[in-house]
Amino acid sequence: MMAAVAAEWLKLRSLRSNLGLLALSALPVLLCAGIAYMVVRGFDRQTGDDLLRFESLGTGLGTGLPVAYFLMAAAGTLSITSEHATGMIGTSLVAVPRRQVFLFAKIPALAAVTLVIGQLLVFCMHVATMAVVGERAGHVLIDGRTLGLSLADPGVTAELLVAGAAMPLAAMTGLGLGAAIRSAAGTLVTLIVLMFVLPIVAQALPSPMGPRIASYMFENLPAQIASGDGVLAPPVAGALLLAHPVAALTAGAVAIAARGRGVRPLLAGGLPAALLAGTAVVAPGAAASSALSWRPCGESLECASVQVPVDWSKQDGRTVTIQVARLPATGAHRVMGTVLAVPGGPGGDGVEDLRDKGGAFATLRQRFHVVSLAPRNTTDLGVIPFDCLATGPWITLPADRAAYDRVGARNRKYAEECRAADPEYFDHLDSASVARDIDAIRAALGEPRLSLVATSYGGVVATTYARLFPDRVRALYIDGSIDHQADQETRLRHRTAAVEQQFARFVEWCKTATACALNGRDAGAAWRGLVAAADRSPVPVRGSDTAYSGFDFKVAAAPDVISPGPAPDFPNWQRFARSIDRATAGDASGFADLVEQVTKSLKVPSFRGQNVTQCADGLMFADYGEFRRLKALGERLSPNFAGNELWHRLGCVGWPTPVGNPPAPMPADRLPPILGAGTWTDHGDVATAAARVPGSATIRYEGPGHALYLSGNQCVIAHANRYLTYLRLPPAGAACEPLQP
Amino acid sequence: MIAVTDLTMRYGDALAVDDLTFEVRPGLVTGFLGPNGAGKSTTMRVILGLETPDAGTALVGGRPYVSFRRPMREVGALLDAGAVHGGRTAAMHLRCLARSNDIGRERVGEVLEQVGLAEVAGRRIAGFSLGMRQRLGIAAALLGDPGVLMFDEPVNGLDPEGIRWIRELMRRLAGEGRTVLVSSHLMSEMALTADHLVVIGRGRLVADTAMAELAARFEGDVLVRAAGQEAFAHVLRASGASVREEPGGLSVTGLDASRIGELALRHGVALRELTPRGASLEEAFMELTEDSLEFAAEGSTR
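Read top to bottom, the protein sequences are chains A and B.
Every letter in the first sequence is one number past the one before it in the working numbering, and letter 205, counting from 1, is 205.
Every letter in the second sequence is one number past the one before it in the working numbering, and letter 1, counting from 1, is 1.
Only chain A is shown next, with the shape it has when bound in the complex (with noise of 0.2 Å):
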């Protein structure tokens, strides 16, 4: 056998023929960086969301690939077919008269010329691709890869390893399909079928068709062995590929034993590539197995259901029912898991979140299940009647200890009437419930760990369920969250500043803008005198016996203020201004009127809904000695909108429950890195939340708004999705720009 072997390499290494194959190695390289600078031309000419949209170069092999894995595959085939054209094959079958070892002491040789070539073939199609994307390389995209990849990025050189490893595996290919196929130009064609004609027709399949088959192409499988992120688990990508020379060096041994061609060497080889293709696809059944009843509920939206117990600490007691609902992944990738999304509010219903906004989740779901829930405090789930959760008391700024414990009666009173209609459900309605509750539904997912989509309010749920459960979150994305942990004065300095700096914003806007109806005046005045003026004579609002005062004017136009709506026209900074123009004219209406669509009622209630969460999560102030300390900080920091950073706060005092769910430090050392995002108005609260993990994250978005993920910008979302997939966090200082109008 050694000596067959040795003439084996005698043999190719003594063909000019193979240096011309030699040679041509040079065409996947060239195609590779025409390729890429066909893609940065494209992309150099885009702006904005439209550079999101780019496919990612990946490694930068791509097309250049399946010409390099098809030119080692000619090689093998020439290396038994050409000695089948010239009649070779007698001389060497006398030489060498076992013929499957004569076919096989091809091998060696071939491999190792194959691998040199084809591994220095695949680092010089690598860097050829990145030095013409340069330093476009880095830029992040939708699916949250980058466009391209440099051998710095983990896994790169693992994928460019077990690319060039899979070189001689496809000269084996080729190599048994000559042997079964003997004529160099039947082979050929087989092999262009198979590398190139096969996978184009995959790829014109729609999705998920389309992705699956081609992920059982010869070509894509090295990288779903390295990455990990393809259709296939590794394993099975890894046995695919070794199912192709495999069953290709069984049907040629047959074929070149038996006298005849026909099917048996067709038959020997299919067999084995059956069976490895058969047990690789069986075989992994580490998907997880969900409990869950799942029926269809909507637009590719599936529902479910869980039941939790009301009390947790009473497991065996009183259970309620708990809706899910999911996005399935689309089969694109293969299923790396869920994706949870907990929903703000407090109140809100994920599962409507998903109906309406589950959009901004397209992408994601190319590689996760997107899971959300209508937690228990739903506000119209019904166990406490929504009329009840869905208003409350008016607050009033307290002057004095007697006003403060005025609100705090008020607000028990207003607390007791919805708690009698089931009071063991209204005392837990915390985010630790809710957070075992979503727990539950992991449990039911079958999933060992979750990763957390948080959106606003549900960013103290996830916390939470970071501090009880570290060990199931894989991932944790805050967006527009508050930081359950912060103390009063830091949460009150992040506000006010955040407001101040978007009043003075409007400000600014105001003077330019024709359509503010300030302009021309010093808008910034023109609110502070009307506050003022509020503050020593309520405003009345026409047509009603209700009037508002500063601190009303205030909590009415705080939503406005900082969200100014799209650009460039900013309709609810027009509304604002409109709205002050008004009531310094004497009628509050503009205020009274938006309020009142919002929450029909003409001042801002203090809603149940929020107050039962809230409340129980502590987020409360100790006692009037503390608000009074925060309201005088206030005053000082906030010229035009103090007070209404306590707002909140105001709502829980006396409220009437135990703080089911205080403030605690997260295990930090099991968590893994946070990744959060947030607006002008929101980015110094989730900074601080994000920052209880050391190594975490964020994205700040340089403008107004709330909730970027759900909201759709493509921006955040492409760093999230970065986040999410390969657990990869922007670098410090991440920031994303709203799009130029």
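Don't take every hint at face value.
[To be verified] Here chain A is said to cover these stretches of chain B; the calculated rule only asks that three of the stretch's residues, wherever they fall, bring their Cβ under 8 Å from a Cβ of chain A: (1) 87-101; (2) 229-236.
[Stated by the list, open to error] Far from chain A, some chain B residues (derived; all Cβ distances over 10 Å): (3) Arg70; (4) Ala77; (5) Leu79; (6) Asp80; (7) Ala83; (8) Val84; (9) Glu213; (10) Arg259; (11) Glu262.
[As the list claims (entries may be wrong)] Some residues of chain A that are not near chain B, with every Cβ distance over 10 Å (derived): (12) Arg16; (13) Asp44; (14) Ala105; (15) Phe123; (16) Ile142; (17) Ile200; (18) Arg355; (19) Phe386; (20) Glu596; (21) Pro639; (22) Gln714.
Hint data in this document are derived by calculation from the structure and do not stem from the laboratory.
Note that beta-carbon positions come from the ideal geometry of N, C-alpha and C, so glycine has one too.
Got chain A; can you put chain B on it based on the hints?
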């Protein structure tokens, strides 16, 4: 020593070799003779393990060819001078073969010298004439210095000088005690080289005989034309000859021309013609393989 026993080989419906049995002994040049399509090449391919027979065995030194670890050291064969890759040089072609059988590189130079290709050793085979390829094939056969040699139609494409060279080579190889099997479809060629003949036709053994025996078997007759031919025929028969009438004469065997002349003189017969006719080996061959020629003719009109 080659032993072919009860060998049968079919290609589909066609019977290429039909229950063939013969032996090739060392120290002799054995001619393997038969018309085109008689099964000579097929038999040789079976001996070399290139074809698997439907029945029977073909052994070299008592073993199947495929059982040799280094077969080129046991058997050297020239089957098809064209069975080479034109892209290699003569020397590299031989080196590849030598390497596969653990034959030292120096043998390559030696055999190239021996077949007269030393000067073109570094040239690519693609540019070789058929004669040069024949010599290269012979060089490959000699590479392992084997005890058994097989040549399939070795003189094809050779010039007269080459043909003489190959005859001498085969005689010398046999003289060295090697077993030499040479196939040909030309009796005249065999007549000059072979010590022994294995003749096949239509895949069947026709004759397995020493060359001298064959010559004796096809001893000639004498053509006699005389006045009173019928009477003279009686005389000849009475003297122990066998006589057959031919148009215009008698074919006489069993008596030579001088004895017939004496009998004619004694009986006063006037001879018009007395011609000894030696049967050529070629005629003998034609006679032997009559069946297979019919087969070939049939085949060609199909």
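Evaluated hints:
Counting residues of the stretch 87-101 of chain B whose C-beta sits closer than 8 Å to any C-beta of chain A gives 10, which meets the bar of three, so the coverage hint holds. A stretch counts as covered by a chain when three or more of its residues have a beta carbon under 8 Å from one of that chain; for the stretch 229-236 of chain B and chain A the count is 0, and the coverage is violated. The beta carbon of Arg70/B sits about 8 Å from the closest Cβ of chain A, which is not more than 10 Å, so the claim that it is off the interface is violated. With a least beta-carbon separation of about 6 Å from chain A, Ala77/B fails to lie farther than 10 Å from that chain, contradicting its non-interface assignment.
Not every C-beta of chain A lies more than 10 Å from that of Leu79/B, the closest at about 6 Å, which undercuts listing it as non-interface. For Asp80/B, the non-interface assignment is contradicted: its Cβ lies about 6 Å from the closest Cβ of chain A, within the 10 Å cut-off. Chain A draws Ala83/B into its interface by the beta-carbon criterion, the shortest separation being 4 Å against a cut-off of 10 Å. The Cβ of Val84/B sits about 6 Å from the closest Cβ of chain A, inside the 10 Å cut-off, so the non-interface label is violated.
The Cβ of Glu213/B sits about 33 Å from the closest Cβ of chain A, beyond the 10 Å cut-off, so the non-interface label holds. For Arg259/B, the shortest C-beta to C-beta distance to chain A comes to about 55 Å, beyond the 10 Å cut-off, and the non-interface label holds. With a cut of 10 Å on Cβ distances, Glu262/B stays outside the contact zone with chain A, its closest approach being about 61 Å. Distance check for Arg16/A against chain B: the nearest CB is about 6 Å away, which does not clear 10 Å, and the non-interface claim fails.
Here Asp44/A stays apart from chain B, with its beta-carbon at least about 47 Å from theirs, past the 10 Å limit. In this structure Ala105/A is not separated from chain B by more than 10 Å, as the shortest Cβ-Cβ distance comes to only about 8 Å. At the 10 Å boundary, the C-beta of Phe123/A stays outside the reach of chain B, the nearest C-beta of that chain being 30 Å off. With a minimum CB-CB distance of about 52 Å to chain B, Ile142/A clears the 10 Å threshold, and the non-interface call stands.
Residue-level check passed: Ile200/A sits 34 Å from the nearest beta carbon of chain B, beyond 10 Å. At roughly 69 Å from the closest C-beta of chain B, the C-beta of Arg355/A stays outside 10 Å, upholding its exclusion from the interface. Every beta carbon of chain B lies more than 10 Å from that of Phe386/A, the smallest distance being close to 87 Å; the non-interface claim holds. No Cβ of chain B comes within 10 Å of the Cβ of Glu596/A; the nearest lies about 91 Å off, and the non-interface call holds.
Pro639/A, annotated as away from the interface, keeps every beta carbon of chain B farther than 10 Å; the closest lies near 90 Å. With a closest Cβ-Cβ approach of about 58 Å to chain B, Gln714/A is found to remain outside the 10 Å limit, as its non-interface label requires.
The structure shown violates the earlier hints numbered 2, 3, 4, 5, 6, 7, 8, 12, 14.
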